[in-house]
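Per numbering that gives the first Met the number 0, the sequence shown starts with residue 0, numbered consecutively.
One thing to keep in mind: the hints can contain errors.
[Claimed, not checked] Here are the simulated DSBU-like pairs of lysine-lysine, each with C-alpha atoms no more than 35 Å apart in a straight line:
{"#": "1", "residue 1": "Lys216", "residue 2": "Lys132"}
{"#": "2", "residue 1": "Lys21", "residue 2": "Lys44"}
{"#": "3", "residue 1": "Lys216", "residue 2": "Lys44"}
[Unchecked claim] Restraint ranges, calculated between C-beta atoms of paired labels, are given here:
{"#": "4", "residue 1": "Ala318", "residue 2": "Gly277", "range": "17 to 23 Å"}
{"#": "5", "residue 1": "Arg319", "residue 2": "Val86", "range": "35 to 41 Å"}
{"#": "6", "residue 1": "Gly59", "residue 2": "Gln259", "range": "52 to 58 Å"}
{"#": "7", "residue 1": "Ser14", "residue 2": "Met128", "range": "26 to 32 Å"}
{"#": "8", "residue 1": "Ala105", "residue 2": "Gln259", "range": "47 to 53 Å"}
{"#": "9", "residue 1": "Gly103", "residue 2": "Glu298", "range": "30 to 36 Å"}
{"#": "10", "residue 1": "Lys22", "residue 2": "Thr247", "range": "25 to 31 Å"}
These are calculated hints, taken from the structure and not from any lab test.
Even glycine gets a Cβ: it sits at the ideal position worked out from N, Cα and C.
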Amino acid sequence: MQPQAFYRAVADDFSAVDGIIKKQLTSRVPLVSKIGDYITSAGGKRLRPLLVLLCGKALGREGDDLRLLAATIEFLHTATLLHDDVVDMSGMRRGRSTANAMWGNAPSVLVGDFLYSRSFEMMVELGSMPVMKILSQATRIIAEGEVLQLSKVRDASTTEETYMEVIRGKTAMLFEASTHSAAALCEASPEQAEALRTFGDHLGVAFQLVDDLLDYKGDAETLGKNVGDDLAEGKPTLPLIYTMREGTPEQAALVRQAIQKGGIEDLESIRIAVEASGSLEYTAQLARDYVARAIKCLEALPASEYRDALVELSEFAVARTH
0 MQPQAFYRAV ADDFSAVDGI IKKQLTSRVP LVSKIGDYIT SAGGKRLRPL
50 LVLLCGKALG REGDDLRLLA ATIEFLHTAT LLHDDVVDMS GMRRGRSTAN
100 AMWGNAPSVL VGDFLYSRSF EMMVELGSMP VMKILSQATR IIAEGEVLQL
150 SKVRDASTTE ETYMEVIRGK TAMLFEASTH SAAALCEASP EQAEALRTFG
200 DHLGVAFQLV DDLLDYKGDA ETLGKNVGDD LAEGKPTLPL IYTMREGTPE
250 QAALVRQAIQ KGGIEDLESI RIAVEASGSL EYTAQLARDY VARAIKCLEA
300 LPASEYRDAL VELSEFAVAR TH
């Protein structure tokens with residue numbers, strides 16, 4: 000268990016969610032359980048199920064259904080990770096080999112499908128049509144976000160507006176679905192439900208902005224992934240888009256060429272150009288702005304240790320180094 004106070008506030012529930020995840024991973028096909036267990040035991044932050052628990056408890060909800068919803072969200076997230084790593088041909092995640100690097104692409108995709116299917120079985124068990132509507136729509140939007148990102152690979156003309164559309168779909172949507180579905184499960188007022196939906200969106204945007212920022216600040220050991228992966232794949236993230244827009248003609252040309260050809264041969268030169276252009280501070284400030292707006296949304300909730308934990312979690316999202 001992580002030491003941060005925002006985990007301690009729901010420690011018992013968090014442990015119960017782990018138990019649900021292990022139970023729901025059971026399959027009559029051993030390889031399904033093996034790959035599922037491998038990826039879910041990788042030691043991730045599990046921020047999305049944590050958001051479900053904190054939002055639900057901030058609205059006064061207790062009980063097994065909140066924990067089941069948190070586990071459902073984690074299954075959806077894990078399924079997207081399995082599929083993303085295949086699409087991106089990633090070899091490392093959370094400091095160790097990806098499932099596709101260990102077992103190959105086909106088993107990883109199919110186990111991702113299993114996790115999606117299991118998550119929908121869990122939604123049926125919850126028996127909440129509003130929750131099912133939110134999560135089924137979110138699953139579609141996440142897939143659209145991933146396809147949009149794929150269509151922009153090696154496209155150096157990608158704008159900041161399109162980049163924001165991509166990250167809202169592929170990352171922020173599941174944060175939003177976590178907070179919004181918790182509100183729906185708790186039958187929150189329309190005002191509180193909208194506040195929590197917006198909170199999740201803003202927090203998710205900030206989280207991805209920091210992720211993309213760290214791609215040019217961190218090292219592989221600290222981040223638990225291959226630094227420069229996005230550049231290697233030719234993905235135009237905000238630090239690169241800003242450098243092409245606001246950097247010197249030489250910096251812009253260097254980044255444009257790197258995006259168009261992919262690869263990390265020029266990673267160090269790109270790092271220097273990105274730093275010199277001011278894009279890292281621009282990206283960091285945008286993330287701070289989104290977090291400030293997210294925290295403002297929490298005023299719709301009654302004061303409690305859970306609301307305080309949500310504020311602390313938001314602040315952590317922009318202060319983290321991995």
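These are the hints, each one checked on the structure:
no.	hint	in the structure
1	Lys216 x Lys132	violated, 39 Å
2	Lys21 x Lys44	holds, 17 Å
3	Lys216 x Lys44	holds, 20 Å
4	Ala318 x Gly277: 17 to 23 Å	holds, 20 Å
5	Arg319 x Val86: 35 to 41 Å	violated, 25 Å
6	Gly59 x Gln259: 52 to 58 Å	holds, 53 Å
7	Ser14 x Met128: 26 to 32 Å	holds, 29 Å
8	Ala105 x Gln259: 47 to 53 Å	violated, 31 Å
9	Gly103 x Glu298: 30 to 36 Å	violated, 49 Å
10	Lys22 x Thr247: 25 to 31 Å	violated, 57 Å
Of the numbered hints stated above, those contradicted by the structure are hints 1, 5, 8, 9 and 10, listed in ascending order.
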